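Asks: The chain contents come next:
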Amino acid sequence: MNKPYDNRAWFLVFPVVVLVAFSAIIPIMTVVNYSVQDTFGANKFFWAGTEWFVEVLRSDRFHHALGRNLAFSFIILAIEIPLGIAIALSMPKKGPWVSVCLVLMALPLLIPWNVVGTIWLVFARNDIGLMGHTLTQLGMGYNYATSIFGAWFTVILMDVWHWTSLVVLLCYAGLSAIPEDYYQAARIDGASKWAVFRYIQLPKLRGVLIIAFLLRFMDSFMIYTEPAVLTGGGPGTATTFMSIDLVKKAIGQFDLGPAAAMSLIYQLIVLLVCYVFFTVMSNIDSDKPQAGGQQ
Amino acid sequence: MAEITLDKLAHSYLPAPKTDADFALKEIDHVWSDGGAYALLGPSGCGKTTLLNIISGLLVPSKGNVLFDGKDVTELQPEDRNIAQVFQFPVIYDTMTVRENLAFPLVNRGVATDEITKRVNDMIGILDLGAKADRKARDLTADEKQKISLGRGLVRYDVNAILFDEPLTVIDPHMKWQLRTKLKELHRQLGHTMIYVTHDQTEALTFADKVVVMFEGEVVQIGTPEELFDEPAHTFVGYFIGSPGMNILPCDVSGGVARVGSQDIPLNKGYSGLTGKIELGIRPEFVSLGAGKNGMPIQVKSVEDIGRFKIVHAQLEGYPVSAMLPEGSSVPADATAYFDTSRINLYRDSHLVRGEAAS
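Sequence order for the protein chains is A and B.
Residues in the first sequence are numbered consecutively from 1, following the numbering used here.
Residues in the second sequence are numbered consecutively from 1, following the numbering used here.
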């Protein structure tokens, strides 16, 4: 076959190039541009090199925000993943209740982030909020606006309420994909409930759990709207996560250089964690050809 | 290893079955002998899987009892029946090695470690999985996985029966034959009672000592492959077993003669007082062709040459008839058909009627 060579073919990829340029490359390069320059206003910029990166990486403010982010992601993953699996396991497999459960589960996912924040803002208030008022009446000194513990408790509870459903739905889909034969074979093999979970359900859920973990990690690591609405990062800086700090820096203080450097570092951390996690999870207990073995 | 008694067994998926049609499995009453290899053969939806699930304990029958060696197990759970089952899709525990897979049922039953090691090593030898014993089971091919599924049943030594639910469905064609041979060999070697569900007649006929043919929830015949071929008890069996299936022609019988349309076919046996829907059955193997004035005139529709023989599809008195001719024989233009009269079976309302020896 003789294929003619024609440079006009490049025009065919042109729309995609334009789309990607405007949606990703230009915005990111703008940020990169800011991150290596300094300005005193009036649209005058000076070359700053890696100065902002060094400053951000050395600042306590950044370290603390990063620490809060890591702690937050760790806590909500430690709650949402097991809880999501447990709920998915206890949901009915067939019958009219399946759709009821699925709709109930999907509801929190359909609510916009700022509305979630507002719902909890009201729900957790000491005077009129159902939860806040009840806890206060029970004699617990609960207040998300003044106590660090109260603020963290509410933010975490809010995230668990909002996002556990995602893990549930993913796991439920994963569980539904396991053929009935596996359960029958396990019964015949005399497997206990725990063994069925450990050797059938959990391995078969691996794929969806990797996705659930990555989605929840990325989302929670970039969390902004809900705590911004609920606590505004307070009390003090107790719930000032990196995204909130970033917005304060970029829009509040208009420190474009440090903010740009910080967002690049922020993005690299997300990418790095996801990459490491994905690589580890995909290779964990795969069958490596043994030394001197087959293949 | 056990003798399996199916005592007036019937099952309906409806809560209150009324008519016969409500039953997915119509009443069956049989004893399957210890160490036998049985195949349940029938088209999809004929009730063979229902029957298998009743034997394995996944279903409790609406009526009747299942007995293993005389002991009533009807209400027992699968895990308490001491059976093994191989499913259509190979079931293996992904995260375990081949060895761990085989040990799993023994570990669950609390067998001593030395004993487990010994039995698992034996089983790996029997199944020819030695080279892959310490690999993850999920990286094996489908037929190897199916061997592991089977092995998990066999390591228990004392299983009452091994049930196979269309185990070769997902196996590559060239491996099917090997695995089937292996199954037969294991059956001879270990002597378990084996029950094998399939819709593939070749599998059923090569695997089993006794083939149980099912049709619309009913066991229509239990017999050796020869019996199914020579004397199908039901027109369905005649049609289903054999390739192509038996020719079934509506006819009238009077005296020693069957009348198909305007053709008289003499019968070797006497039949008296036949009423209802009468049909004549003859296998294509026993139809031969002639030409000209002799024999019954037929219109040849098509000829399939499948190597060792030719299959002729024709019309006799408006009814389809197939004939199998040896390789190289020619089909005459004005073809006629002969039936081997000693091979003719008569059916009343689809069931075989045995004639009296001709006087």
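These aren't lab readings, by the way, just hints derived from the structure by calculation.
No experiment lies behind these values; they were computed from the predicted model shown.
Errors might be hidden in some of the hints.
[Unchecked claim] Pairs of lysine-lysine residues, derived as DSSO-like cross-links and limited to a Cα-Cα distance of at most 30 Å, are as follows:
#  : chain 1 : residue 1 : chain 2 : residue 2
1  : B       : 293       : B       : 210
2  : B       : 210       : A       : 193
3  : A       : 193       : B       : 132
4  : B       : 63        : B       : 210
5  : B       : 293       : B       : 176
6  : B       : 293       : B       : 269
7  : B       : 26        : B       : 310
8  : B       : 118       : B       : 182
9  : B       : 18        : A       : 193
10 : B       : 8         : B       : 18
11 : A       : 204       : B       : 18
12 : B       : 182       : B       : 8
13 : B       : 132       : B       : 184
14 : B       : 71        : B       : 210
15 : B       : 63        : A       : 94
16 : A       : 204       : B       : 310
17 : A       : 94        : B       : 26
18 : B       : 26        : B       : 63
19 : A       : 94        : B       : 176
20 : B       : 184       : B       : 136
21 : A       : 93        : B       : 63
22 : A       : 193       : B       : 136
23 : A       : 204       : B       : 136
Asks: Can you name, in rising order, the numbers of the hints this structure does not satisfy?
Replies: 1, 2, 5, 7, 9, 11, 12, 16, 19
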